[in-house]
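Undergrad: These are the residues of each chain, in order.
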Amino acid sequence: AQTVTQSQPEMSVQEAETVTLSCTYDTSESDYYLFWYKQPPSRQMILVIRQEAYKQQNATENRFSVNFQKAAKSFSLKISDSQLGDAAMYFCAYRSARLGDNYGQNFVFGPGTRLSVLP
Amino acid sequence: DTGVSQNPRHKITKRGQNVTFRCDPISEHNRLYWYRQTLGQGPEFLTYFQNEAQLEKSRLLSDRFSAERPKGSFSTLEIQRTEQGDSAMYLCASSPGRGRFSNQPQHFGDGTRLSIL
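One line per chain: the protein sequences are A and B, in this order. Okay, so the first sequence: first residue is 1 according to the working numbering, each after it adds one. Okay, so the second sequence: first residue is 1 according to the working numbering, each after it adds one.
Worth double-checking, as some hints may not be accurate.
[Said to hold, decoys possible] What follows is a set of in silico ranges between Cβ atoms, one per label pair, in the way DEER data are often shown:
no.: 1; chain 1: A; residue 1: 14; chain 2: B; residue 2: 71; range: 47 to 55 angstroms
no.: 2; chain 1: B; residue 1: 2; chain 2: A; residue 2: 80; range: 19 to 27 angstroms
no.: 3; chain 1: B; residue 1: 52; chain 2: A; residue 2: 118; range: 44 to 52 angstroms
no.: 4; chain 1: B; residue 1: 64; chain 2: A; residue 2: 26; range: 25 to 33 angstroms
Just so you know, the hints here were simulated from the structure itself, not pulled from any lab data. We put the CB at the ideal spot given by N, CA and C, even for glycine.
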C-alpha cells in the first residue's frame, strides 16, 4: 500500500518570503500522480498543483512550484512571495495511474502541514 | 460548475443514533468518493462509486457504515449506532471518469462535521 509522509506538522513564513513544504511517499508503482491540496480553516480543500510521475519537468502554477525527485520519492512544494491568503493546511496526495474502473483511484493523503504566514 | 455540495454542514447527535449525510457531486462527474478526516489529519478514503456502482470500500468502512448512489447522481452515507470515534469531518469528492479525464483531480465539498455527544 502507498503511504505519504509530511514531516513538518507546522511551518511559518514571513509575508513575501519563500517557503518549502516537504513530502515523501512510498510506492512500488512506476506511474502515478502527485498533488498538493490546500485547506483553509473551515473551508473546502482546493487543488494547488499536480505532477504526473512520467513527466520529468517540475510543475509550476504561478507562485507555486514543485521539486519532484522520482528516485528519492520526494515531492516538495515551494511557495514564492508568500501571501496572507496562503495560510492553510497543505496536504500532499498520491494517486495511482493504474487503469480500470474497479481500482478506486482514490487519493492517499499525508497528515498535512499547517502553514502560517506572518505579516 | 456549482461544485460539490454536502448536507448538512454540521450534525450533532447522541451516541447510538443513526445519521445520514448527502453529497451532490458536480453534474458531469461519474466518480464519487467519500473520505473521513479527523482533526489535524489528512483525509482517509472510505469508499468509491463509478456511477451507481460501489467499486471499492476501505477497511475503515465497518458494518455500521453504508453508502449508496442509487441513480448515479447524489450519494448518501449512513452511519448506524454512532460511536464517539465516529466524530470527524466527512468529505465527499467527485471527478470525471475515463479517457483524457482519468488524471483529473478530485473536487471536494465543504464536508459534514459529525459530533457525537
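Undergrad: Next, verify each hint and record whether it holds.
TA: So, going through the hints one by one against the coordinates:
no.	hint	result
1	A:14 with B:71: 47 to 55 angstroms	holds, 51 angstroms
2	B:2 with A:80: 19 to 27 angstroms	violated, 32 angstroms
3	B:52 with A:118: 44 to 52 angstroms	holds, 49 angstroms
4	B:64 with A:26: 25 to 33 angstroms	holds, 31 angstroms
The structure does not agree with numbered hint 2 stated previously, though it agrees with all others.
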